[in-house]
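Asker: Residue strings, one per chain:
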Amino acid sequence: MTEVESPVAEDANLESADLNHDSYPVWSSDSELGLEQARHLSSERGATVAMFLGEVGVGKTTILVELWTDLLQYGSLGDALFGGSCTTIPFEERSFQSRIRAGSCASYTLKTNEDDDGFLHLRIRRGDGRMVELLLSDFAGEHFTRIREGTELADELEWASRVDRFVVVIDGKAFNPSAGSMENALNRTSRLLAALERLQQTLPLVGRPRPRLLLLLAKDDSIAPETRTGIEQALDQLLVIGRRVDAGCELLRVAARPTNGVSAYGLVELGEWLTDVDGAVTATVLPSVVSSRAFGRFQNG
Amino acid sequence: MFESLVPNWLHRVELIPTSERLAAIIDTANEVASTANGQSALGVVDLAFSGGSDAAFALLSDAVRVRDATFGCAKGDLESRLVAAVTVAAMLESNSDTASNAAYAVLSEVWRGRKSEIEDLAGFAREALARRSEAHRARNVVAITTDMAGALKAVPTFDPDGGGATHEEVNRVTASVTKGLETVKRSFDQIAARVNTQLGAVDEELDVLWWAFSNYSSTSRASWEAVPADPRPIVMAAEFFRHLRFPVEPQSVDSVLSRLLGTSADQKIVLRDSIEALTDDQFNLPSFENQQALPVLTSIRECREFDRKKAWIASAARWGVDASQETTARALAIQTLGELVLARNLLPL
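As you go down the protein sequences, you meet chains R and B in turn.
The first sequence lines up with residues 1 to 301 when you count with my numbering.
The second sequence lines up with residues 1 to 349 when you count with my numbering.
Looking at chain R on its own, in the form it has when it is part of the complex (with noise of 0.2 angstroms):
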């Protein structure tokens, strides 16, 4: 009789894992990846790195959540398929609160403490069947309330100047007038923002692809439509001071879980824009080596 293989092998070592294989078990570590086990996986085939940038409660681990949801209920996100992932239990224990619904309990997302600070593996195959590895930052929001506060992103999370992809998650309930908070949000984005120019400018400027960076609206649902024109202007402003930052900066509304009835939407854009993954590479430009000789100089006309 054949054995079956597992599908979660909760007591495998990271490190004997066999992970060259396009397809493979799904596998888990029993934790978040650390920065030892995120380098492990992404020496094998390299890695997209994505940092979810935002203070707490503005939704950055629902948005993970429910991209892991969605690749698990239907194997796909677009054209993009599920291809396995290494924190199946980490994802899995961020999800159960969510897929609970009772009575009038609605579904909620734990916070991320520090102590759970880490990566979130995805591997993906595109539609163009490239697979893409991803490694999805889920660091409490507290990280970055230090970085509002002043703090650098590169001395607060030293793994920043390695990112490939910035998702700077606003939270849509803040910015709707009627919670009186939209000029705090703006303020908070904006300074989260001007914290990746800052990295940005130590970054080099050739010789690697540049970072890109995303404004995701979360929580869009929650905005009411006839307060939208209201947002549209401070949203405007953070799209200015992001595209100095990256100048295809643009901004995607997400609604992860909406509770007013309408399906989920913006998932797919954000699964397509992190695994857009050729970004191009400037080639170092050596100088020519001219001969002392004319033989050595000679050109064919």
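Hints are computed from structural coordinates only; laboratory data are not their basis.
Note that this is a predicted model, so its numbers are computed, not measured.
Among these hints, one or two may not hold up.
[Claimed, not checked] Below 20 angstroms or equal to it, Euclidean Cα-Cα: the simulated SDA-like pairs (lysine to any residue) are:
#: 1; chain 1: B; residue 1: Lys75; chain 2: R; residue 2: Val277
#: 2; chain 1: B; residue 1: Lys185; chain 2: B; residue 2: Val142
#: 3; chain 1: B; residue 1: Lys115; chain 2: R; residue 2: Ser190
#: 4; chain 1: B; residue 1: Lys115; chain 2: R; residue 2: Val277
#: 5; chain 1: R; residue 1: Lys173; chain 2: R; residue 2: Glu158
#: 6; chain 1: B; residue 1: Lys115; chain 2: R; residue 2: Thr284
#: 7; chain 1: B; residue 1: Lys115; chain 2: R; residue 2: Met131
#: 8; chain 1: B; residue 1: Lys115; chain 2: R; residue 2: Pro209
#: 9; chain 1: B; residue 1: Lys115; chain 2: R; residue 2: Glu44
#: 10; chain 1: B; residue 1: Lys115; chain 2: R; residue 2: Arg45
#: 11; chain 1: B; residue 1: Lys185; chain 2: B; residue 2: Val173
#: 12; chain 1: B; residue 1: Lys115; chain 2: R; residue 2: Gly207
#: 13; chain 1: B; residue 1: Lys75; chain 2: R; residue 2: Arg45
#: 14; chain 1: B; residue 1: Lys115; chain 2: R; residue 2: Gln37
#: 15; chain 1: B; residue 1: Lys75; chain 2: R; residue 2: Gly129
#: 16; chain 1: B; residue 1: Lys115; chain 2: R; residue 2: Glu183
#: 17; chain 1: B; residue 1: Lys185; chain 2: B; residue 2: Val202
#: 18; chain 1: B; residue 1: Lys115; chain 2: R; residue 2: Val285
With chain R fixed as given, assemble chain B onto it according to the hints.
Answerer: This is chain B only, laid out in the frame that chain R set:
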């Protein structure tokens, strides 16, 4: 210079740009580049281009692990290929024949259509060949640099008030004069070597120019236009090679071959057709071992060993040769010339 580029090259695998691993990889690259011989250099190039050289992987992984015990990559891992590619970059930057050999091997891989995880390698290889070519052929001022005035400085001085020279003193004079003359001889040996190098470069240049000017294939005893188009690039490369005196080709090789090939330089040629049309008397196979870095030479040998039967194609595929590869006549000639130089460099001294 390559050291400054390593953080960019390792970007996809490294999470902390200033990690100890980075320093370990750079140290490893420098050490292996300075100690590699011809064959081990080719193995590292193979690994850098996603090949399966076990020896090269063992060499590199052991060297990295000595510096960073946490290194535990498998041969097929991206990081292993990157370590190999960084080491190749270090080889290409060195001022030794290892740079030329590694460069020829890199260009062979590129010619075969393989890609390295570091796309800069092809440019580095071309630059290394140009630099090494210039180092061998550069016009230099030949001068005696030894200070002859000091050649006999060890001759002892005699006390003017002293008596006649003793036997011991005469011996000291003899020894010191001998030593001084040896210094003079070494100086002349050095200058002779430099003059010979210069004359060799001049002779090579004249031979190549007259050969190119004649527009005549001595092998085929006909003008180049009369030599069939399929084998012409290989025959031309072989004749060019006969005039080369250094372990690296001159920088103008592309221009000279393009001029000789004329309008056919950019015509497409299938490797199989070219190999099969090549007669035994048109090309003398040098001494070499079949290998991936020598795809054209390996193909010629296999074709001959199989008496030109089609089975040679499958046989040559064992060394990664794709006989259906299409290339331009110029690219085939340059590739063949590079392989001939590399095969000669790899011969044991």
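Asker: The structure should be examined with respect to each hint, and the outcome stated for every one.
Answerer: Outcome of the hint check:
| no. | hint | verdict |
| --- | --- | --- |
| 1 | B:Lys75 - R:Val277 | violated, 24 angstroms |
| 2 | B:Lys185 - B:Val142 | holds, 16 angstroms |
| 3 | B:Lys115 - R:Ser190 | violated, 42 angstroms |
| 4 | B:Lys115 - R:Val277 | holds, 18 angstroms |
| 5 | R:Lys173 - R:Glu158 | violated, 31 angstroms |
| 6 | B:Lys115 - R:Thr284 | holds, 16 angstroms |
| 7 | B:Lys115 - R:Met131 | holds, 18 angstroms |
| 8 | B:Lys115 - R:Pro209 | holds, 18 angstroms |
| 9 | B:Lys115 - R:Glu44 | holds, 17 angstroms |
| 10 | B:Lys115 - R:Arg45 | holds, 15 angstroms |
| 11 | B:Lys185 - B:Val173 | holds, 18 angstroms |
| 12 | B:Lys115 - R:Gly207 | holds, 17 angstroms |
| 13 | B:Lys75 - R:Arg45 | holds, 12 angstroms |
| 14 | B:Lys115 - R:Gln37 | violated, 28 angstroms |
| 15 | B:Lys75 - R:Gly129 | violated, 24 angstroms |
| 16 | B:Lys115 - R:Glu183 | violated, 52 angstroms |
| 17 | B:Lys185 - B:Val202 | violated, 25 angstroms |
| 18 | B:Lys115 - R:Val285 | holds, 18 angstroms |
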